[in-house]
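Residue 1 in our numbering sits at position 1 of the sequence shown; the count goes up by one each step and never skips.
Calculated from the structure, these hints are not laboratory results. We put the CB at the ideal spot given by N, CA and C, even for glycine. Some hints here could point you the wrong way.
Said to hold, decoys possible - In silico lysine to aspartate or glutamate, DMTMM-like type, Cα no more than 20 Å apart, as pairs:
hint, residue 1, residue 2
1, 35, 60
2, 37, 19
3, 35, 19
4, 13, 69
Said to hold, decoys possible - Per label pair, the in silico range of CB-to-CB distance:
hint, residue 1, residue 2, range
5, 64, 34, 36 to 46 Å
6, 19, 51, 20 to 30 Å
7, 29, 77, 15 to 25 Å
8, 26, 66, 46 to 56 Å
9, 61, 25, 39 to 49 Å
10, 13, 72, 21 to 31 Å
11, 28, 55, 37 to 47 Å
12, 81, 27, 14 to 24 Å
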Amino acid sequence: MDVKSAFLNGCIKEEVYLDQPPSILDYEHPNYVYKLKNALYGLKQAPRSWYDRLSNFLIEQSSTIGQVDKNLFIKKANNDLLIV
Numbered sequence: 001m002d003v004k005s006a007f008l009n010g011c012i013k014e015e016v017y018l019d020q021p022p023s024i025l026d027y028e029h030p031n032y033v034y035k036l037k038n039a040l041y042g043l044k045q046a047p048r049s050w051y052d053r054l055s056n057f058l059i060e061q062s063s064t065i066g067q068v069d070k071n072l073f074i075k076k077a078n079n080d081l082l083i084v
């Protein structure tokens, strides 16, 4: 799993807009803003979006959520144990 790129390629459910960075300012339309299609590294929604996507996948794969720590996922298959 490539965790570093998970934030760069994450999906976001909310509509997020940001101002034009000074380095790529469009002088014909300086008041325009950008609508994000993917999460950016450092975006407040990025970690939550990534966690939602990962937890949904683990639950679909028959993992159970920890009783005390809701960030803990456990899957038992035969004599194998997967802890995330």
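> Are the Cα atoms of residue 37 and residue 19 separated by 20 Å or less?
Replying inline: holds, 14 Å
>> Looking only at beta-carbon atoms, does the pair residue 19, residue 51 fall within the given range of 20 to 30 Å?
In response: With Cβ atoms ~27 Å apart, the hint holds.
> Are the Cα positions of residue 13 and residue 69 separated by 20 Å at most?
Replying inline: Violated. Residue 13 to residue 69 sits at ~25 Å, over the 20 Å cutoff.
>> Does the beta carbon distance between residue 28 and residue 55 stay inside 37 to 47 Å, or does it fall outside?
In response: holds, 43 Å
> Is the hinted range of 36 to 46 Å satisfied by the C-beta distance from residue 64 to residue 34?
Replying inline: holds, 40 Å
> Is the straight-line distance between the alpha-carbon of residue 35 and that of residue 60 20 Å or less?
Replying inline: Violated: residue 35 and residue 60 sit about 31 Å apart, past 20 Å.
> How does the Cβ-Cβ distance of residue 26 and residue 66 compare with 46 to 56 Å: does it lie in that range?
Replying inline: At 48 Å between Cβs, range holds.
> Taken at face value, is the distance from the CA of residue 19 to the CA of residue 35 at most 20 Å?
Replying inline: holds, 9 Å
> Given a hinted range of 15 to 25 Å, is it respected by the beta-carbon distance of residue 29 and residue 77?
Replying inline: The hinted range 15 to 25 Å is violated for residue 29 and residue 77, with Cβ atoms some 55 Å apart.
> Lying within 39 to 49 Å: is that true of the beta-carbon distance residue 61 to residue 25?
Replying inline: Given range 39 to 49 Å: holds, Cβ gap about 45 Å.
> Does the hinted range 14 to 24 Å hold for residue 81 and residue 27 at CB?
Replying inline: violated, 59 Å
> So does residue 13 sit 21 to 31 Å from residue 72, Cβ to Cβ?
Replying inline: holds, 24 Å
Hint violations for this structure: numbers 1, 4, 7 and 12, all remaining hints satisfied.
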